[in-house]
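Engineer: Residues per chain are reported as follows:
Number of protein chains: 4
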Amino acid sequence: MSHRSDQPATSAPGDASAGAPTHWVLTLSCPDRPGIVHAVSGLLAGLDGNITESQQFGDAGTGLFFMRVQVTAAAPRAELESGLRALEGEFGLAWTLDVVGRPVRTLVMGSTAAHCLNDLAFRQRSEALPVELVAVVSNHTVLEPLAQFYGIDFHHVPVTAATRAEAEARLLALVEELDVELVVLARYMQILSDDLCRALAGRVINIHHSFLPSFKGAKPYHQAHDRGVKLIGATAHYVTGDLDEGPIIEQDVERVDHTHGVEALVALGQDVERRALARAVRWHAEHRVLLDGHRTIVFR
Amino acid sequence: MSHRSDQPATSAPGDASAGAPTHWVLTLSCPDRPGIVHAVSGLLAGLDGNITESQQFGDAGTGLFFMRVQVTAAAPRAELESGLRALEGEFGLAWTLDVVGRPVRTLVMGSTAAHCLNDLAFRQRSEALPVELVAVVSNHTVLEPLAQFYGIDFHHVPVTAATRAEAEARLLALVEELDVELVVLARYMQILSDDLCRALAGRVINIHHSFLPSFKGAKPYHQAHDRGVKLIGATAHYVTGDLDEGPIIEQDVERVDHTHGVEALVALGQDVERRALARAVRWHAEHRVLLDGHRTIVFR
Amino acid sequence: MSHRSDQPATSAPGDASAGAPTHWVLTLSCPDRPGIVHAVSGLLAGLDGNITESQQFGDAGTGLFFMRVQVTAAAPRAELESGLRALEGEFGLAWTLDVVGRPVRTLVMGSTAAHCLNDLAFRQRSEALPVELVAVVSNHTVLEPLAQFYGIDFHHVPVTAATRAEAEARLLALVEELDVELVVLARYMQILSDDLCRALAGRVINIHHSFLPSFKGAKPYHQAHDRGVKLIGATAHYVTGDLDEGPIIEQDVERVDHTHGVEALVALGQDVERRALARAVRWHAEHRVLLDGHRTIVFR
Amino acid sequence: MSHRSDQPATSAPGDASAGAPTHWVLTLSCPDRPGIVHAVSGLLAGLDGNITESQQFGDAGTGLFFMRVQVTAAAPRAELESGLRALEGEFGLAWTLDVVGRPVRTLVMGSTAAHCLNDLAFRQRSEALPVELVAVVSNHTVLEPLAQFYGIDFHHVPVTAATRAEAEARLLALVEELDVELVVLARYMQILSDDLCRALAGRVINIHHSFLPSFKGAKPYHQAHDRGVKLIGATAHYVTGDLDEGPIIEQDVERVDHTHGVEALVALGQDVERRALARAVRWHAEHRVLLDGHRTIVFR
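Protein chains in written order, with the UniProt record's numbering: chain U, 1 to 300; chain X, 1 to 300; chain W, 1 to 300; chain S, 1 to 300.
Please note: incorrect hints may appear among the correct ones.
[What the hints assert, rightly or not] Stretches of chain U that chain X covers, calculated by requiring three or more beta carbons in the stretch to come under 8 Å of a beta carbon on chain X:
hint: 1; region: 203-215
hint: 2; region: 229-240
hint: 3; region: 250-264
hint: 4; region: 287-298
[Unchecked claim] Straight line, CA to CA, 20 Å or less: simulated EDC-like cross-link-like pairs of lysine to aspartate or glutamate:
hint: 5; chain 1: W; residue 1: Lys-216; chain 2: W; residue 2: Asp-226
hint: 6; chain 1: X; residue 1: Lys-219; chain 2: S; residue 2: Glu-127
hint: 7; chain 1: S; residue 1: Lys-219; chain 2: S; residue 2: Asp-271
hint: 8; chain 1: U; residue 1: Lys-219; chain 2: X; residue 2: Glu-245
hint: 9; chain 1: W; residue 1: Lys-216; chain 2: S; residue 2: Glu-245
hint: 10; chain 1: S; residue 1: Lys-216; chain 2: W; residue 2: Glu-245
hint: 11; chain 1: W; residue 1: Lys-219; chain 2: W; residue 2: Glu-254
hint: 12; chain 1: U; residue 1: Lys-219; chain 2: W; residue 2: Glu-127
hint: 13; chain 1: W; residue 1: Lys-219; chain 2: S; residue 2: Glu-245
hint: 14; chain 1: S; residue 1: Lys-216; chain 2: S; residue 2: Glu-245
hint: 15; chain 1: U; residue 1: Lys-216; chain 2: X; residue 2: Glu-245
hint: 16; chain 1: X; residue 1: Lys-216; chain 2: U; residue 2: Glu-245
hint: 17; chain 1: W; residue 1: Lys-219; chain 2: W; residue 2: Glu-176
hint: 18; chain 1: W; residue 1: Lys-219; chain 2: U; residue 2: Glu-245
hint: 19; chain 1: X; residue 1: Lys-219; chain 2: X; residue 2: Asp-257
hint: 20; chain 1: S; residue 1: Lys-219; chain 2: S; residue 2: Glu-254
hint: 21; chain 1: X; residue 1: Lys-219; chain 2: X; residue 2: Glu-177
hint: 22; chain 1: U; residue 1: Lys-219; chain 2: U; residue 2: Asp-257
hint: 23; chain 1: U; residue 1: Lys-219; chain 2: U; residue 2: Glu-263
hint: 24; chain 1: U; residue 1: Lys-219; chain 2: U; residue 2: Glu-245
hint: 25; chain 1: S; residue 1: Lys-219; chain 2: S; residue 2: Asp-257
hint: 26; chain 1: U; residue 1: Lys-219; chain 2: U; residue 2: Glu-254
hint: 27; chain 1: S; residue 1: Lys-219; chain 2: W; residue 2: Glu-245
hint: 28; chain 1: X; residue 1: Lys-219; chain 2: X; residue 2: Glu-263
hint: 29; chain 1: S; residue 1: Lys-219; chain 2: X; residue 2: Glu-127
hint: 30; chain 1: X; residue 1: Lys-219; chain 2: U; residue 2: Glu-245
[Stated by the list, open to error] Per the computed footprint, the stretches of chain X lying under chain S, defined by three or more beta-carbons under 8 Å from a beta-carbon of chain S, are:
hint: 31; region: 125-137
hint: 32; region: 259-271
FYI, nobody ran anything at the bench for these hints, they're computed from the structure. Here the structure is a predicted model, which means the values were calculated and not measured. For each residue, glycine too, the CB sits at the ideal point set by N, CA and C.
Make the full structure from the sequences, and use the hints.
Structural biologist: Structure, rendered in structure tokens:
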């Protein structure tokens, strides 16, 4: 996960000069060994920082240690950063530093289904979801009025087999140009190339339907209906090369029964999808999701 | 599903001679066409029956119609049965008739895990789960004290590759001898042969863990842990030839997170398993589950 | 519940003259006694109706019987209606008849919170929620752009202690003029008078937050936070004289913990509110909710 | 919460002399100010402790800071304790120290309902619930065979208005004599006196049914049925003077509908009760529950 916050920036949030303390969020991971917490808390205490929220987890399986701290401190960003850099060598520390609540610059990709975009845009506006929706990119035009209502720039980028490479280049250019930190695949019905997935690794969240058992192949809702499933679900996850198989951030289910036809299953599925996606986006934007190999640590 | 109730029996429940009305439960299915409900309700009205609960469902996909009726009536069983038989030809009706609340004779198969047996036995005793637990059959002996505490006969039937056929013959003999209506695989860790599955089709309920996505192969909980799933689930279903693939009766999930190690996942999984299994057994025993091809209709 | 459908109307849906069968939804209630189902199914069979969905329930406590039937029939509405009227006397039958899927004319009242209005409008447009949103009435103006985006007429009706009676008169006039069948109080933060509640009895659905235990008095979220509740919920119900005490249609909860401040509780509460309200409105609009004294029967 | 662990004990767990590190769980609370985490982590690092799990929370409302740490360390208990005592003055620290997984000595009180006792005893035996059930105390005798099956001493202590004081004295004597750390009211249908509640403050967990809205007075399930609630719930909480009003540890709900009679509601309610109680007992026994005024912090 790359965050704006670890880039030098003279006017970045958190640089308020005179005394008004900033509320920072710090995440870090490193091989697990004694002394990490003491070193980090020492750094923060030395800067007169007051820890307001902190969670740690040591994964006995991978031998990695993870930590997320929210701390109020009056020290300038540079001082925090140099303190953290000083720990990199000793502990093999990887870290990110951001200001609590800073809106993460987010690009939403969709096709025709509006439920996820509508939900994210509404929550951004009314529920303090800490994202800034800088663009909607779609291979169709049906989402344009919704984007306009929420004041989000809409980019129509049609995709055919022949133009896929060009379309992905256009997307990457937008990501660059708009300083996009997070791409959300909000029921975007096109496969992304492996190259694109790698280029944006850890910065793309996808949502897809999930069933117990899972159904391979086409028309999964038809298969689920034929099998008479009693639960339908959705999984939000980071995208890796294998589109539907990256580290899981959030999952949810809804109860169904024999009276639900395929259309009703799809409608209920959309409800679960937007709920799970909204949570995943919020947790990511609040720097609550850390990668632990193929798993996620979610410090809710 | 075969029920005691469709066998002629002079002293069967519901034959109380003088006037005291019996509370019947009737299930039926047939090709969907106008007039079925009228014909059935006419039969019941003609016997002065009072419908206390009724549910119907027409599956537009399979063209089948399903109905479950609870009715109080003073008429003797023979009269009800001959009325129903009269409708068989006209509507292609399949039906079952039983007395509401009659305990279904149930045999539980287990191996070493006790959670499902403990839960069923406790609910039978204290929550009016309408089953009579006539035997526990196990390839181990650890469940024997628990069975004894609940006053259930325990049969130790070890299974090896060499004795599988013999063990299954012993099971079938017990089913016959004890007049068993329902077999519950309560974490029984042996594969049943196709022949046995067919012989007991519609009368065996299995419970197994389920994940989104599902994990094939050995050690599914380890796979689920490695993938960082956020939900673990369980599926209760009728057994067909393909052990884990029969018609689903009930599913449930429990929320987990990165702090749950494999053992904790297993413990939570057991909680979901016993809950889903108990519901499936109750609904089956109350004749609320009807088969619709590969799906179930559950009239809860 | 009063439905458009029981009014004489020459061009009402379902009057299509020639042969194309209509999909009807019929609800009825009456004192429970033998023969009702037979009489109703006889009426429908006599009109060559084909029952596609049917649910019945006899409440042993109140002695009332409830039924909801979906039936396809080519007979004109008048014939169905006269058949039903013929049963009124014999069985003490109360009934409604409507066409499946006909949008119920709905007026939404709100104040400043947009989550419920946004959710209903979005579901109406994209999830086949069978309502027509004919007006938004608010004592504030913040909901106006949202209403406009969804093409719903917006009426600003300010309310002060001095103008309450006038405001309610204006509401009643709108209900009359726009032929409103259902009023949804979507976080409308004004108390309705007893007279208004009575005038619209059975046609007003309200949503409010709910806790276990419940908290009386002001600032319930603050109270819930102080008490450290682990669940917050919402209840959708019909409005009677006592605003928060009418028959319950739907309830739902969300899990919270000590890290949720009052603001976070409110945000999660809004999520539960819109979910529970959307379900209640759908079930009402699909004629799935029948009143049984102070309870509801919900034929989902 | 008083734990065995903060008492001097020469042979206490964790005193293993030679080198084999002990897995400790430490909880602490104090007024929130900079430097606490640093001081505690410094103490642990100085003892070569390795933190395996840690959670912190600062309550902005009460100004209190809470922390739970699991740490492996080879240092003897006395060294840890003296280090912690050294911090008491500086930070106003309150703390507890125990060995991870040490079974908490628990006394269960019940009347006639067996579901909670059965669930706790089963989980203790098969799911590593870290409690030792040292006694069952009941004003009835129906739970005696169940207690015997699980090998728990059963004490029949009848209660009448005349003998209440005597019965409570007997209970307190048992608590003393058996070194009881936790008392679980597992549907114990007698009111405890204020004096007893105070004497055992923070050491008694109660479970009771909960509804939205709540129902005061007798027969709450009848009231809930009359009102047509769609959810029934349960709340597990610490007992204070006001029996049903102490700090909430856990809550859960189950969905119900109009077909559930009062008996069915009670049966489902028991399911929710035992689930919520088992979680509360587990979290308490694992020292995951900290008191924050009238709220609990649950570090799950």
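Engineer: For each hint given before, does the structure comply? Return the numbers of the non-compliant ones in rising order.
Structural biologist: When the structure is compared with the hints, numbers 17, 18, 21 turn out to be violated.
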